[in-house]
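Asks: Sequence:
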Amino acid sequence: MIGGAMTFYMVASAQNAMLKAPVYRDDPKNPFKADRTAH
Numbered sequence: 127m128i129g130g131a132m133t134f135y136m137v138a139s140a141q142n143a144m145l146k147a148p149v150y151r152d153d154p155k156n157p158f159k160a161d162r163t164a165h
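Heads up: the sequence shown at position 5 corresponds to 131 in my numbering, and the numbers run straight through without jumps.
Derived from the structure by calculation, the hints contain no laboratory data. Note that the coordinates shown come from a computational prediction; the quantities given were computed from them, not determined experimentally. In this text, a Cβ means the ideal position worked out from N, Cα and C, and glycines have one as well. Please note that the accuracy of each hint is not assured.
To be verified - Per label pair, the in silico range of CB-to-CB distance:
#, residue 1, residue 2, range
1, Met127, Asn156, 30 to 40 Å
2, Asp152, Ile128, 33 to 43 Å
3, Pro157, Tyr135, 10 to 20 Å
4, Met132, Phe158, 16 to 26 Å
5, Pro154, Ile128, 30 to 40 Å
6, Met127, Val149, 16 to 26 Å
7, Ala138, Lys159, 13 to 23 Å
8, Phe158, Phe134, 28 to 38 Å
9, Gly130, Asp152, 29 to 39 Å
10, Lys159, Ser139, 15 to 25 Å
11, Met136, Asn156, 29 to 39 Å
12, Phe158, Met136, 16 to 26 Å
13, Pro148, Ile128, 28 to 38 Å
14, Tyr150, Met127, 16 to 26 Å
Let the sequences and hints guide you as you build the complete structure.
Replies: This is the structure:
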């Protein structure tokens, strides 16, 4: 159970770090994109 929680946390942290990387920062599918307007 603890191993599953640790794995989930590590994968989520890696995904957040990759989304904030310069390569993916301007991707229109990026939820962290700053200039995204609300619909």
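Asks: Does each hint hold? Answer for all of them.
Replies: Results for each hint:
For Met127 and Asn156, the Cβ-Cβ distance of about 32 Å falls inside the hinted range of 30 to 40 Å, so the restraint holds. Here the CB-CB span from Asp152 to Ile128 is close to 37 Å, well matched to the stated 33 to 43 Å. Between Pro157 and Tyr135 the beta carbons are some 19 Å apart, a value that agrees with the proposed interval 10 to 20 Å. Evaluation of the 16 to 26 Å hint for Met132 and Phe158 yields a pass: the beta carbon distance comes to about 24 Å.
A hinted range of 30 to 40 Å holds for the C-beta pair Pro154 and Ile128, which are about 37 Å apart. Checked against the hint of 16 to 26 Å, the pair Met127 and Val149 fails, with Cβ atoms roughly 35 Å apart. The hinted window of 13 to 23 Å between Ala138 and Lys159 holds, with their beta carbons roughly 19 Å apart. For the pair Phe158 and Phe134, the supplied restraint of 28 to 38 Å is violated, since their beta-carbon distance comes to about 19 Å.
Evaluation of the 29 to 39 Å hint for Gly130 and Asp152 yields a pass: the beta carbon distance comes to about 34 Å. For the pair Lys159 and Ser139, the supplied restraint of 15 to 25 Å holds, since their beta-carbon distance comes to about 19 Å. Checked against the hint of 29 to 39 Å, the C-beta distance between Met136 and Asn156 comes to roughly 21 Å, which is inconsistent with it. Look at Phe158 against Met136: about 19 Å separates their beta carbons, and that is inside 16 to 26 Å.
Under the hint 28 to 38 Å, the C-beta atoms of Pro148 and Ile128, about 34 Å apart, fit the expected range. Judged by the Cβ atoms, the range 16 to 26 Å given for Tyr150 and Met127 is violated: they are separated by roughly 32 Å.
When each numbered hint is compared with the structure, violations occur for hints 6, 8, 11, 14.
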